[in-house]
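6 protein chains.
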Amino acid sequence: MTDRYRRGIDIAEQLAADKLAHFVESGVAEVAPDFARMVIEFAFGDIYAREGLDLRSRELIAIAALAASGQAGPQLRVHVATAEKSGISKREVVEVLMQIALYSGFPTALNALASCHDLLTDHDCVPGTCG
Amino acid sequence: MTDRYRRGIDIAEQLAADKLAHFVESGVAEVAPDFARMVIEFAFGDIYAREGLDLRSRELIAIAALAASGQAGPQLRVHVATAEKSGISKREVVEVLMQIALYSGFPTALNALASCHDLLTDHDCVPGTCG
Amino acid sequence: MTDRYRRGIDIAEQLAADKLAHFVESGVAEVAPDFARMVIEFAFGDIYAREGLDLRSRELIAIAALAASGQAGPQLRVHVATAEKSGISKREVVEVLMQIALYSGFPTALNALASCHDLLTDHDCVPGTCG
Amino acid sequence: MTDRYRRGIDIAEQLAADKLAHFVESGVAEVAPDFARMVIEFAFGDIYAREGLDLRSRELIAIAALAASGQAGPQLRVHVATAEKSGISKREVVEVLMQIALYSGFPTALNALASCHDLLTDHDCVPGTCG
Amino acid sequence: MTDRYRRGIDIAEQLAADKLAHFVESGVAEVAPDFARMVIEFAFGDIYAREGLDLRSRELIAIAALAASGQAGPQLRVHVATAEKSGISKREVVEVLMQIALYSGFPTALNALASCHDLLTDHDCVPGTCG
Amino acid sequence: MTDRYRRGIDIAEQLAADKLAHFVESGVAEVAPDFARMVIEFAFGDIYAREGLDLRSRELIAIAALAASGQAGPQLRVHVATAEKSGISKREVVEVLMQIALYSGFPTALNALASCHDLLTDHDCVPGTCG
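Protein chains in written order, with this note's numbering: chain A, 1 to 131; chain B, 1001 to 1131; chain C, 2001 to 2131; chain D, 3001 to 3131; chain E, 4001 to 4131; chain F, 5001 to 5131.
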């Protein structure tokens, strides 16, 4: 186990002990175990681990870039689901996805909002009663 | 309610009283109500409402651009489902989607045709007996 | 020379005797002469030659799909330059490119307008004096 | 039936008698029969039939380009399912999809691997016991 | 002049009195003056003007989404050039563009860095002498 | 200097001592030196260095994926320029770029051929006299 992998797993678990690591490895890990390891090493061990940008900013960038691409649905859901761990509120995620309409058009923004609909609804309050 | 919204809703309902407005607002309206309103205002109240291009042309453009992008499936289906309201026949929609192969490749055109298959089949006549 | 090629060249020349044929063959014809022929045969001899959609509609679709892709600058310019041969006015081209913002975002629409700027300016009248 | 179609069907059947032809024609053949024929004629009768590149290379290119696009899931599955007919092993397909991460990012590569997961798992041996 | 336009111009000028407004209107303003106005109104007057996300976050999102698309070079340069007005340092911009490699691949990230090279070089210090 | 970097530089130099390393580092190396190193480490030290796929196949995949994306012009040129080092002839590169039309449409294939025109012309023989 490389240092890059250990550092990457630490950050991935800090973001979402259950979701991120599981996502990256499930399915893919069976047919391409080296690739699952490389994603952890490079994405989290190399890039996310760098100084120079705080975690909240890195997660805003991840959500923006994944939504803008319009074809990274599963990855967008993982980052939206764990956004609050980096200090990004549900309302802020909605603002990010709305802003994506400027750069990638309305269908891409609408589909991103629809695909994350359940993650962005606040289940802790009766609809219509909390802001 | 702004003039832009009122004008947008008028056009959206003219295109498809039931489908368009419903599509734009369902799901998204709950988590991003302002955005559902903005789409109506900008897409239909600002752009579609402009003189300078007839509605049939605007719908041809919508179908072509949505199909070409390859990642706007739900929106493509809405515009294909309502194309006849703008004077575009099912056969013409098929021609548009075939032509998209030139610009976006065969998989994009094939997937557009497959995803709209049910909307493009004429259920009013026995197969092989109507033009 | 196949029938498909002859039919394709006829349509390409009808659209733009000088521009389209020249574009398709120049540069590419030297390194891939078969491909230059195939583009004429398939794009114009097979697709454009089909009944079921008038030439004006086919050109609206071409301009919409090429602009929406955001990476077909040279081809977009050829079709915009010859649009009037299919009965599409400069003003209508501007409306198409504006509408593309809905589907592909503002940068794509702005860059399409900027890249065709010279083709869309009316040189026959003093700026500010014609509609 | 044109020579191009006959030649195309021969190659398509050589690749995958059951899968390729079926894929291209099902669904699409009902609403756009001419297009199903054109795909066979152009893709296999014109391009694949050309000398100058062996079939194994053409299939590597197909898998790479379809995976890189990120929006040709059904077509990617067909070519991955039939790769062995062109002498490309499952392990080589996995290597291709991993390499795509360099050009199209991790989500595109991960989604390609996940969508072909069942096709890339070797069901003929107990996991962990074959290379 | 609508309220939306006035509010949009205010924000655009706050970001970059000289660059943003000039960019949006130059070239495009001549052939599509309504569109230049709409971009200001919608992008800055409607979206950027919203509460719920601070300006620094909105600019990180703009840079991430524009870089991820790989085809919004002019717009990326404008936002990178004005990033410091929103409290984003040159080093942070470099971190954003590096992170884009995860989502859109190495070529897209390398080309974004290369296209903004002059904007990201610190001209205030002798090379090698400042961090 | 990591093992991954050393191994990556070895492969990059084997492919094109002068072009690849120079490309990856020039421009980008000044503003993002860590990123230039990471590209060498990950692309060549991790992925290209893997067994399981020969170098000729890896270069076919690189050319196919870069051309299919339509927005990696500089990278496509580097790999086309060095293709012969991996046993890929100019004629084979032309076949790859033609085949890309199937997956990404004619404009993308035409623009790829046009952008590599000078690299694909055989300067060692009088035009029309060599195959």
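Keep in mind that a hint or two might mislead.
[Claimed, not checked] Derived DSS-like pairs: lysine-lysine, alpha-carbon spacing no greater than 30 Å straight-line:
hint, chain 1, residue 1, chain 2, residue 2
1, F, LYS5085, D, LYS3085
2, F, LYS5085, D, LYS3090
3, B, LYS1085, C, LYS2085
Bear in mind the hints are in silico, worked out from the structure with no lab data behind them.
Hint by hint, where does the structure go against what was stated? Just the numbers, ascending.
Going through the list in order, the structure violates no hint and respects every one.
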